[in-house]
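Top to bottom, those sequences are chains A and B.
Just so you know, we're using our numbering here: the first sequence kicks off at 1 and counts up by one.
Just so you know, we're using our numbering here: the second sequence kicks off at 1001 and counts up by one.
No lab work stands behind these hints: they were computed from the structure.
If you're wondering where the values come from, they're calculated on a predicted model, not measured in any experiment.
C-beta: ideal position from N, C-alpha, C; glycine also.
One or more of the hints may lead you astray.
[Unchecked claim] With a straight-line Cα cutoff of 16 angstroms, these simulated EDC-like cross-link-like pairs (lysine to aspartate or glutamate) come out: (1) Lys1063(B) - Asp363(A); (2) Lys1180(B) - Glu1112(B); (3) Lys1063(B) - Asp479(A).
[As the list claims (entries may be wrong)] Here are some chain B residues the structure puts well away from chain A; computed CB gaps all over 10 angstroms: (4) Thr1014; (5) Pro1076; (6) Met1096; (7) Asn1154; (8) His1233; (9) Asp1243; (10) Glu1246; (11) Phe1248; (12) Ala1250; (13) Ala1280; (14) Ala1281; (15) Cys1282; (16) Gly1300; (17) Arg1374; (18) Glu1420.
[To be verified] Computed Cβ-Cβ distance ranges for the label pairs, DEER-style: (19) Phe317(A) - Asp1366(B): 36 to 44 angstroms; (20) Asp479(A) - Asp1247(B): 46 to 54 angstroms; (21) Pro1111(B) - Gly258(A): 49 to 57 angstroms; (22) Pro482(A) - Val1218(B): 19 to 27 angstroms; (23) Thr148(A) - His1018(B): 29 to 37 angstroms.
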Amino acid sequence: MAYVPLADRDAEMEMHHPHSFIEKYVWSQDHKVIAIQYGSVAVFTGIVGLVLSLMFRMQLGFPETTDFVDPNFYYQAVTMHGMIMVVYFLTAIFLGGFGNYMVPLMCGARDMVFPFMNMLSVWFFLLSVIILMASFFVGGGPTGAGWTLYPPQTAMEGTPGHDMGIILMLVSLAVFIVAFTMGGLNYVVTILQYRCRGMTLMRMPLTIWGIFVATVLGLFAFPALLVAAIMMLFDTLLGTSFFMPAVIEAGTALDHNGGSPILFQHLFWFFGHPEVYIVALPAFGLVSDVLSVHARKNIFGYRMMVWAIIAIGGLSFIVWAHHMYVSGMNPYFGFFFATTTLIIAVPTALKVYNWVLTLWEGDIRMNVPMYFAIGFIFTFIHGGLTGLFLGNVVIDLPLSDTYFVIAHFHMVMGVSPILVLYAAIYHWYPKMSGRMYNETLAKVHFWLTFLGAYAIYLPMHYLGFLGVPRRYYALGTTDFIPQSAQDLNAAITIAALIVGVSQILFFVNIIGSLKWGKKADPNPWGAASLEWQTPDTPPAHGNWGAELPTVYRWAYDYSVPGAHQDFIPQNVSEAEEPTVSDEHFDPDKDQSLADV
Amino acid sequence: MTLAVVIFLLVVATIIFHFASPWWFTDIAADWSTIDLTISITFWVTGFVFIACNLFMAYCVWKFRQKEGHKAVYEPENHKLEAGLSIFTTIGVIAMLAPGLFVWATFVTPPENAAEYEVLGQQWQWQFRYPGADGILGTADTEFVSESNPFGVNPADPNGRDDVIVNDPDMHLPVNQPVKALLRSNDVLHNYTVAQFRVKMDLVPGLTSYLWFDPTEVGTYDILCEELCGIGHFIMRGSVTIDTQEDFDAWLANQPTFAETQSMAAPNLAAGQAQYAACAACHGQNGEGNQALNAPKLAGQQAWYIERQLNHFKVGARGGEGDTNGAQMVAFAGMLTTDEAVRNVAAYISSLPDTPAPTTVTGDIDNGYDIYDRNCAACHLDDGAGTWYTDAPKLSGMSDWYFVTQISNFRAGIRGLHSEDDYGEQMVAMATAMADAQEIADVAAYINTLR
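With these hints in hand, go ahead and build the complete structure from the sequences.
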């Protein structure tokens, strides 16, 4: 497809150019401001989720000191912690935050294709968070049905927040999905239609690939959650029986009949499993770029990395029922879902190999983002491998619903993506703020977070092997659970408190450096991708000044033989710097996706 | 550099932790050693990959750290290496998956000779049903559920007549006899888990799920619920005892059949009234209670609860160490020598005219409401009437000072921890919702408003 310039870009830019403080920072249509808004709301929500987790960890570790955590609040706290972290924090910050910031910059566009819709997206997201938080203040409090919201208990007496709490949760999710859809369509259209001249799909940085595939997953997966939420609202408010069989509530038969609780689980996990990759794929992309830049080496096996992202994305839609091996569904499903689940390990393992091989024969700069990126590889290997236990259906029998599950998914979709998040924030902070952060503080933050998180979750797997069930307010007297398990719980809580408190260092650093940080070089790491080549730092509205960039090469020309520097920016032409027509690889000759 | 060393040390520390950890699978008590074998295979394969990948990474981080004059190598791809790694990974995956699927095939097809029994989950307790002499369980439906028929067994189904009903959370099974557990729930999702048997499965209202195993070790094991089922999830406990065949048969013969539970004669109120004369001295002619004698009000309390507590006093599950007032009851309860006598007295007491007890406790009603609504109402109901379904006695209009004493006893571990007191331990856990004496009084004051 030939490059066709848009007819009147400047006039179009002018339409949403800010003219006042409010237009610039509140009702902004600039993708970078929206990204910061998305990120800030997500981080605020994430802090609520973190504080909740510390409260119920106190109950688990030191039950005699936590009079404020009664069984009712315990279940509300674990439920809200889970939902907040998965949906309102991780999904929002990777796609709403980094997606918004990176997509136009890395694609060489001036903004998103639909800036107004982008603005609506962030305000709908804020609305969904307000509705969610409101449930803390209504009678009965927020729902305590577990973040998976399994019916029929969600709306039944005996479950915390079974009246208003669950309704607000479902409405909030519906509003969030509306927000996500507006943002998601924007990312997809922008990536497909708004790339600058020369930016073929196979020249895009892996960050964009990760965000792109994750967004497509979201656009297919979230509707399943939306219909599930609406159907459950109907069950609760209108008395339908989608998910409600004939049941007895506190001795009285309810007026429901014939519904299927397992149907809800299928819908939930049809969303829920791709959701794991909606969080993980952007993290895979971001960390690939961070590793490549700081190792001064191209990402190893770029094409395989792209196809692995696509393969993982596709496979993620046919593995959902591995969350349901012991749900009472037809057990013969186990054969199919165990097989697909273990197949997904292959492309995932290849990504890990390629990250490590990117370090091989590199010239590794141990900058702060690199610490987090390498820490991520370590935790991700651990979390990925424990997934092979749970995915192998028969091993899930003893381990399902124990602490092993909690340890596994926190390692793989909590700790790992969050380490990437920090890697990415420290990596792009100089571009986003124009300042450098305090390196010592950042390294202390890394060590406390990385080692602390491993100290939390490694032992937790062993509670799971032992058979300690999850979602227990107290262990009570159980013959096979020794006192040492309770002591281990206390140790885990101490580690969690240290990790939780040490995040203050991050905020001090990031906020303080806005004022006191050294002025940053426009491209302090010597990165080749487009977002580092903007005329202004931080990039101004419209990103590229008078003229859009033209791209001549892929995003990974590091340490190219014969080049003047150890990196060649994507917008430097063949005339100025060599292109390696390597026998192994020539991104321009690879036509598989170039002309899409 | 530091990071390379730390990654290396973390790998070493992980290996040490693994071998030093006292936390590992419990000793297996069913014939599922194939599951343990699959875990071992997976463990060694993944353990190897964990060590190899991380040590290689640590080596790279150390070896290729930034050095003056050093430049990274430009090598975008290496097809041979990538293909090799793909094949190697695929082989590893097959090595783990194949045995897993074989074992799963065994799990989904219970053997022909497996004996069936039924597990019923309900908020928050376990009950069990055995098929009786005909070997067939009668059909059941929620529409038939009542206090006297908690399983909802269809009274018109002849197959259900001889079903053996175990209306408490302790079940028995014979050793070395494969069994297929049919799992049912009448309210929400539950999960039937015995760690020593390795297998678990959800109980789903509206359908019957199953699992099977072949118990191999005589002993008593905890049954836990492992699917979140509401606020009482963590206190939904039971136990399974694996007996020799003779012990099992003897135990089973002692349990009532469904027909027997349905044809029990109505309690004899006149006999109950005669027996009550001994109680009246302290509890009053009309069961109104007498605080001076530490005797709580009884009138209005549900019969099944009084019956259960009298039996607890009889076997010493209540009135033991630390409970001086309760100790007085042990002797009186002992006078009711037969189950029938206990039943008659309980029935008589619940027939007495119910007038609310005088209030003696004051406290912060708002705070009391807050705690009650969040933690107590799930079982004792919003109006404090209690219900057999959740094994929760009536609280409203009963003696508030007695409530305070009993909650204090639960908190102190004086009541509820005896092995015969199947439901008392639930209150030991739930009583922690009241942090101190003041909060107990607050809840009592709130309950006083429910009359």
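Hints, verified against the model:
{"no.": "1", "hint": "Lys1063(B) - Asp363(A)", "in the structure": "9 angstroms, holds"}
{"no.": "2", "hint": "Lys1180(B) - Glu1112(B)", "in the structure": "10 angstroms, holds"}
{"no.": "3", "hint": "Lys1063(B) - Asp479(A)", "in the structure": "50 angstroms, violated"}
{"no.": "4", "hint": "Thr1014", "in the structure": "6 angstroms, violated"}
{"no.": "5", "hint": "Pro1076", "in the structure": "4 angstroms, violated"}
{"no.": "6", "hint": "Met1096", "in the structure": "6 angstroms, violated"}
{"no.": "7", "hint": "Asn1154", "in the structure": "14 angstroms, holds"}
{"no.": "8", "hint": "His1233", "in the structure": "6 angstroms, violated"}
{"no.": "9", "hint": "Asp1243", "in the structure": "17 angstroms, holds"}
{"no.": "10", "hint": "Glu1246", "in the structure": "25 angstroms, holds"}
{"no.": "11", "hint": "Phe1248", "in the structure": "20 angstroms, holds"}
{"no.": "12", "hint": "Ala1250", "in the structure": "24 angstroms, holds"}
{"no.": "13", "hint": "Ala1280", "in the structure": "31 angstroms, holds"}
{"no.": "14", "hint": "Ala1281", "in the structure": "34 angstroms, holds"}
{"no.": "15", "hint": "Cys1282", "in the structure": "31 angstroms, holds"}
{"no.": "16", "hint": "Gly1300", "in the structure": "17 angstroms, holds"}
{"no.": "17", "hint": "Arg1374", "in the structure": "4 angstroms, violated"}
{"no.": "18", "hint": "Glu1420", "in the structure": "14 angstroms, holds"}
{"no.": "19", "hint": "Phe317(A) - Asp1366(B): 36 to 44 angstroms", "in the structure": "50 angstroms, violated"}
{"no.": "20", "hint": "Asp479(A) - Asp1247(B): 46 to 54 angstroms", "in the structure": "20 angstroms, violated"}
{"no.": "21", "hint": "Pro1111(B) - Gly258(A): 49 to 57 angstroms", "in the structure": "33 angstroms, violated"}
{"no.": "22", "hint": "Pro482(A) - Val1218(B): 19 to 27 angstroms", "in the structure": "22 angstroms, holds"}
{"no.": "23", "hint": "Thr148(A) - His1018(B): 29 to 37 angstroms", "in the structure": "30 angstroms, holds"}
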